[in-house]
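In case you want the letters, here they are:
Number of protein chains: 2
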Amino acid sequence: MAGKLPVSPLALPLPALPPVAGVRLAAGEAGIRYQGRTDVLLAEFCPGTTVAGVFTKNLCPGAPVTYCRDILGQGTASGLVVNAGNANVFNGIAGLRAVEATANAAAHTLGVSADQIFLASTGVIGEPLPAHKIVAVLDQLHANLSEDGLAAAARAIMTTDTFPKAATRLAELGGKTVRITGIAKGSGMIAPDMATMLAFLFTDAAIPAPALQAMLAQGVDQTFNCITIDSDTSTSDTVLLFATGRAGNGPTDDPAALADFRRALGEVLHELAMMVVRDGEGAQKFVQITVDGAVTDASARRIGLAIANSPLVKTAIAGEDANWGRIVMAIGKAGEPADRDRLAIAVGGTWMAQAGGVVPGYDEAPVVAHMKGREIKIEVQMGLGQGRATVWTCDLTHGYIDINGSYRS
Amino acid sequence: MAGKLPVSPLALPLPALPPVAGVRLAAGEAGIRYQGRTDVLLAEFCPGTTVAGVFTKNLCPGAPVTYCRDILGQGTASGLVVNAGNANVFNGIAGLRAVEATANAAAHTLGVSADQIFLASTGVIGEPLPAHKIVAVLDQLHANLSEDGLAAAARAIMTTDTFPKAATRLAELGGKTVRITGIAKGSGMIAPDMATMLAFLFTDAAIPAPALQAMLAQGVDQTFNCITIDSDTSTSDTVLLFATGRAGNGPTDDPAALADFRRALGEVLHELAMMVVRDGEGAQKFVQITVDGAVTDASARRIGLAIANSPLVKTAIAGEDANWGRIVMAIGKAGEPADRDRLAIAVGGTWMAQAGGVVPGYDEAPVVAHMKGREIKIEVQMGLGQGRATVWTCDLTHGYIDINGSYRS
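These protein sequence lines are chains W and H, in that order.
Taking our numbering, the leading residue of the first sequence gets 1, the next gets one more, and so forth.
Taking our numbering, the leading residue of the second sequence gets 1, the next gets one more, and so forth.
A couple of the hints might just be wrong.
Because identical chains share one entry, a pair is satisfied inside a single copy or across any pair of copies.
What the hints assert, rightly or not - List of simulated lysine to any residue pairs, SDA-like, C-alpha gap at most 25 Å:
#, residue 1, residue 2
1, Lys377, Ala298
2, Lys377, Glu127
3, Lys57, Gly293
4, Lys4, Asp402
5, Lys176, Arg246
6, Lys57, Asp297
7, Lys4, Thr390
8, Lys133, Pro360
9, Lys57, Ala298
10, Lys133, Val358
11, Lys377, Val124
12, Lys57, Arg302
13, Lys57, Asp339
14, Lys57, Gly357
15, Lys133, Gly361
Don't read these hints as lab results, they were simulated from the structure.
Only chain W is shown next, with the shape it has when bound in the complex (with noise of 0.2 Å):
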């Protein structure tokens, strides 16, 4: 795009973020395509470190997510090379080629066998990427290795970002506490499933892969997979998860013993997703869209991301109408049961529309209030069963449409 975005009016402050033991991490400059800022990242991690992912359904997916669904079989992980400014997405044998000059670069760089380096690029799609300009700064980026690096690394994924994201949390595992902490990238081409971005998380305790495995795929479902920012879904996607078991918990895929583990990660996933939602190509107002009285979970999901991906409702919140019209639309659309004489509405806790019909005495001035404020809420309930989601989303503005008229430009 042309000249520097305006930080996003829903930004939340990086978090502190203190050091995960295990983990070490360093960001530098690679000039791949933007100039004066970090745009790589390397990641260390000890040796036994275990890795889980998850990634895009996109099926023309990057070199970098063939790449990784290939090696995460093995279960452990050594390090991470991400860079910002070009996906190497359809860039053919190309693309492999790049893939693995930088995987075994990095390999070299750390002492380590290249299938245990995991790789993410982000950024334009088609045009070759540069691995020299990678392998270059590597001996850099290894000399720079520190447990502080978190929030330089969440500044070094960046691409049409406002501003860097972060969470973390404590859990208790084992009698130990253990720290997890994700760093997060993504702020238009969202959808499900997964949303688009990048997001890597660190934690200290130890957990066997397939377990680590398990409970990530169960919190993006919940977290990634329930945002929204266009209804288009990056050919990127990658959420990657790394357990040093520095902590010195025994290692355990005892469910009820990893109770508190799969909180604090649901908790840290959420809030990485908030973020996203948070910083939504030219968001104005946070969407949270609620769905009740679905004849399933699976299906009020689904009527809430049709109420999400809706550009009639997306505009309308932008223009600060509480057009619940176009909500009915929406949920028309979805191909869900559902039965108008059932259906009601609220904006703001006021229902509005309820029995196929407006509330009588409807009084909008609370309504036109909360429209008018950052913090958006829908509530639909359909009448039909137990089936409940929750979605979130942003509004459609102009901003949008400048970000995605001249990025390439």
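Mind docking chain H on chain W? Use the hints.
Same frame as chain W, now just chain H:
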């Protein structure tokens, strides 16, 4: 919206519209929402007129849609009342009563039974329709009925449309020359199934209702169901086709005898559908997307619509950026069989990407020139089978946000 919208730069002129024997029309000012323009249409059909209809698949349809579906089975029609400015959707019992009041009054005016009166309403959702305002002008409309009322009818049904839409064709049927004329409105909330809008077609041919219905359904599937403005599906979509039989051909349902009529009907539907795209809210560019080599025709259409509905593709087109990476992304998210390494993409006839990467020696100059034009052509070759489809859409611009961020104000 605030103020009058500028006419779409993609607008086409209204063609000459000779009378259709057996059809008389009148437009008037009911003042339902708009002031100083016509907003209500009355049409009268001669005895023996048959009718076919296709309606929105939105599960929260408006009261007029439910009503028309109920009476369509009889296969005959005597009149049609359409209003613009209020869609009579989600008004519960009041919506039903407004429909009944209008139908009863129009039936009284025309001297027919109420179940011979077809109705359609378009405009805002969720506000009670003041049927009495329509009823109040029926006598005047009746007095003004004229075979020359087609152009005025096309104007009376407009909402956010910036130009009136009509098309006409002649066909040979049973040794006679018959005419088919259609009028349409629609410029937003347009997506299959079926494209949102109202369209009314009139012919002097004699065709039994079942044959008429089959031809209309097939024609709509290849035209209105292949266009999209914003992926939103209206609650009011209605296409009605009235056949008066005044041409004097012997009624037939023989497919061979109806071949030329079917061709002409298809052309009228196609022309109307293209006009709706050309009046897409905020549209600056008309976009044709052809997908070939998919596993089936249906798969090709879903891929085409995924591209056509992608906000990132549409904003790139608005920015005159031939960003084929976003087209790859949209193909990948369609959920249809796709092989990244067999894909090829052309814009304006220039193949930019093939075999999983950019075309060697690709020269961007002709593509850049093509993107600056009003008519954009995108071709996708999937390389998997014989499935083929063409869909049409427009770009996504600031104009769309302007129009939809303040529609009710």
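Hint check results:
1. Lys377 <-> Ala298: Intra 20 Å, inter 37 Å, cutoff 25 Å: intra-copy only.
2. Lys377 <-> Glu127: between (40 Å within a copy, 22 Å between copies)
3. Lys57 <-> Gly293: Between copies only: 22 Å across chains, 28 Å inside a chain, cut-off 25 Å.
4. Lys4 <-> Asp402: both (12 Å within a copy, 24 Å between copies)
5. Lys176 <-> Arg246: within (11 Å within a copy, 88 Å between copies)
6. Lys57 <-> Asp297: Close inside one copy (21 Å) and across copies (23 Å); limit 25 Å.
7. Lys4 <-> Thr390: Neither, since 33 Å and 38 Å both go past 25 Å.
8. Lys133 <-> Pro360: between (65 Å within a copy, 22 Å between copies)
9. Lys57 <-> Ala298: Cα proximity of Lys57 and Ala298: in one copy and across copies (18 Å, 21 Å).
10. Lys133 <-> Val358: between (61 Å within a copy, 21 Å between copies)
11. Lys377 <-> Val124: between (34 Å within a copy, 22 Å between copies)
12. Lys57 <-> Arg302: Result: close both inside a copy and across copies, 17 Å intra and 17 Å inter.
13. Lys57 <-> Asp339: between (32 Å within a copy, 13 Å between copies)
14. Lys57 <-> Gly357: between (39 Å within a copy, 20 Å between copies)
15. Lys133 <-> Gly361: between (66 Å within a copy, 23 Å between copies)
Hint 7 from the earlier list is the only one contradicted by this structure; the remaining hints agree with it.
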